[in-house]
Structure formats: C-alpha cells, structure tokens
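Construct all of the structure, not just a fragment, from the sequences and the given hints.
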Amino acid sequence: MTPLDDHSQRRQPLFFPVVIATALLAIIGLIGGYLLSERRDPGKPVSGPSPTLSLLPAYQACLDRTQEMGAQFGANGELRQVLRVRTKSRAVIWICQDAGGALFYHANKGGAEAPWVENKTALFLAQVQYDGVGAFTATASDGATFTVSLDRLVITHQDGTVEEQAVVQD
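Quick note: the sequence shown, position 88, residue 428 per my numbering, numbers continuous.
The hints are simulated quantities; they were obtained by calculation from the structure and are not laboratory data. Being a predicted model, the structure only gives us computed values, none of them experimental. Cβ atoms here follow ideal geometry from the backbone N, Cα and C, with glycine treated the same way. Wrong hints could be hidden among the right ones.
[What the hints assert, rightly or not] Under the rule of at most 27 Å between Cα atoms (straight-line distance), these lysine-lysine pairs were calculated in the BS3-like manner:
| hint | residue 1 | residue 2 |
| --- | --- | --- |
| 1 | Lys460 | Lys428 |
| 2 | Lys460 | Lys449 |
| 3 | Lys449 | Lys428 |
[Said to hold, decoys possible] Beta-carbon label-pair distances, calculated as ranges:
| hint | residue 1 | residue 2 | range |
| --- | --- | --- | --- |
| 4 | Val502 | Gln467 | 13 to 23 Å |
| 5 | Leu370 | Gly451 | 54 to 64 Å |
| 6 | Leu375 | Ala506 | 50 to 60 Å |
Structure below.
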C-alpha cells in the first residue's frame, strides 16, 4: 500500500495559519499606507477644507472677457458661472469655475456694460478659495483679499483697513 492510498494519515490544519497570515498582511498593508500618506505631505491634515471640495453647481458660461483671462491664468476648459453679485457701488463680481473645479474671481466697476480695463476698472484673480458655506476669497498680488458672498463684498487691504460693500438685487 502506498502513502497516497492510506487515508488514515492525519492532515495538517491550514485554517489557522492562513487566518494569521492574512491578518499580518493586512496590518502590514495598513502601516505601509499610513507611512506613505505621511511621507507625501506630513504637515497637511488628511481631511480638511480644500479650495474646491467638488465641482460647485455652475450655470451659464462666464463672459468672453473672463474666458480670455481664464485661459491666460491656466483655466481648464470653459469657465462657468458659480456666483454673480452686484454691490451698492455698482461693481459686479463673477465667480467662475473651470472643468477641473478651479475657481476664478472677476470684477468690474459698473458691470459688464461698463468699460473694462484690467487692473484699473477690472480685476481678475485665480486660486479662489471656497469656504464651503457660500463665501469665496481671492488674494491680489498687492496682498489685498476679496471675500464675496451673496450678502456682501469685504476687501481687506494689506495695511489692515477693511472695506465692506453690501450686495444689492439687480
């Protein structure tokens, strides 16, 4: 009789070694993933607000002038309007979003009908931050920050002076 024909030989149990090996591999994978995420950017929290958490609801295409400025500032595709407000001083502000979710600020004194002269009557800013509750903030090259919402426009100058303008209905 050969050993293969003898069914009386006791088989080694495989269940427990397989479970232990699987658990160890899972722990090693978790530790490796954690270390890789820490290595990528150790100072940045894993979950926190980002400029655009996801694409915001966008409506009509932004003005041609805004499309042109967006292309100069590296916008990805067509810019679509996320927010449009008019202030009491007749300035109109558009927040536009590109196909990748990046936000842009474009404002003009007097609105779309008034003359447009970039950096005089008009201002285009990239890298707009969205706070998640309706306010958008952009920073100009001179350090001034522009925060716009459905209620108001707040301009904080580099020297600390603050201008606040109410938003009015068109």
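Checked hints:
As the CA atoms of lysine 460 and lysine 428 are separated by approximately 19 Å, the hinted pair is consistent with the 27 Å bound. Distance hint between lysine 460 and lysine 449 is fulfilled; the C-alpha atoms sit about 9 Å from each other, no more than 27 Å. As the CA atoms of lysine 449 and lysine 428 are separated by approximately 11 Å, the hinted pair is consistent with the 27 Å bound. At about 21 Å, the beta-carbon gap between valine 502 and glutamine 467 stays in the expected band of 13 to 23 Å.
Taking 54 to 64 Å as the suggested C-beta distance range, the pair leucine 370 and glycine 451 conforms, at roughly 55 Å. For leucine 375 and alanine 506, the hinted distance range of 50 to 60 Å is satisfied, since their beta carbons lie about 51 Å from each other.
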